[in-house]
Amino acid sequence: MRLLIQRTLEASVAIGGTVKSKIGQGVLVLAGFEEADAEDDLAWAAAKLVRLRIFADAQGVMNLSVQDVNGEVLIVSQFTLHAQTKKGNRPSYIRAARP
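Sequential numbering of the sequence shown, starting at 0, is according to numbering that gives the first Met the number 0.
Certain hints may be false.
The calculated label-pair distances, taken between Cβ atoms and stated as ranges, are [said to hold, decoys possible]:
(1) 16 <-> 51: 31 to 39 Å
(2) 85 <-> 60: 38 to 46 Å
(3) 20 <-> 47: 16 to 24 Å
(4) 40 <-> 83: 16 to 24 Å
With a straight-line cut-off of 25 Å between C-alpha atoms, the simulated DMTMM-like cross-links for lysine to aspartate or glutamate are [claimed, not checked]:
(5) 86 <-> 34
(6) 21 <-> 67
(7) 21 <-> 71
(8) 47 <-> 33
(9) 47 <-> 34
(10) 86 <-> 71
(11) 85 <-> 34
(12) 19 <-> 71
Note that these hints are calculated values from the structure, not bench results. Beta carbons: idealized from backbone N, C-alpha and C, even for Gly.
Modelling step: build the complete structure from the supplied sequences, incorporating the hints.
What follows is the structure, given as structure tokens:
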């Protein structure tokens with residue numbers, strides 16, 4: 000499993016020009032899953048994600064989690080995070096989980 004995490008003031012996902020989901024302050028997560036990932040892996044990653052201290056406190060120090068700031072989380076499945084590009088010019092997604 001790979002998670003690409005970005006702090007946001009706002010984020011949204013649009014499909015065909017229609018907004019399907021949106022959040023205010025929080026984190027946008029692009030999540031890539033492998034066939035080998037188990038439910039335990041997902042539980043660990045979710046717990047870690049909400050505890051990461053990546054938001055500034057009153058002194059400007061990154062000391063607060065998304066939970067501490069009452070932030071929101073938007074997760075987008077992104078199989079391309081598992082692209083293998085060592086050989087050739089066409090990425091391989093053999094490790095990515097099936098849809």
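| request: Could you say whether the range 16 to 24 Å given as a hint is met by the Cβ separation of residue 40 and residue 83? | output: Holds, at about 20 Å.
| field | 16 to 24 Å as the expected CB spacing between residue 47 and residue 20, which holds or is violated | value | holds (22 Å)
| request: For the pair we were handed, residue 86 and residue 71, check the Cα-Cα distance against 25 Å. | output: violated (39 Å)
| field | Holds or violated: residue 21 to residue 67, with C-alpha atoms at most 25 Å apart | value | holds (20 Å)
| query | Is it true that the C-beta distance of residue 85 to residue 60 lies inside 38 to 46 Å, as the hint says? | reply | The hint (38 to 46 Å, Cβ to Cβ) holds, given that residue 85 and residue 60 are roughly 39 Å apart.
| Does the Cβ distance between residue 16 and residue 51 fall inside 31 to 39 Å? | Holds, at about 32 Å.
| Hey, residue 86 versus residue 34, does the alpha-carbon distance stay inside 25 Å? | With Cα atoms ~21 Å apart, residue 86 and residue 34 stay inside 25 Å; holds.
| Restraint status (C-alpha distance of residue 85 to residue 34 at most 25 Å) | Cα-Cα ~20 Å, so holds.
| task | Take the C-alpha atoms of residue 19 and residue 71, compute the straight-line distance between them, and say whether it is at most 25 Å. | result | holds (15 Å)
| Can the restraint linking residue 21 and residue 71 be considered satisfied, given a maximum Cα separation of 25 Å? | holds (9 Å)
| query | Under the criterion that the straight-line Cα-Cα distance not exceed 25 Å, is the pair residue 47, residue 33 satisfied? | reply | Distance ~18 Å between residue 47 and residue 33 Cα, so the pair holds.
| field | Hinted pair residue 47 and residue 34, Cα distance within 25 Å | value | Status holds; Cα separation ~21 Å.
Of the numbered hints given earlier, the model fails hint 10 alone.
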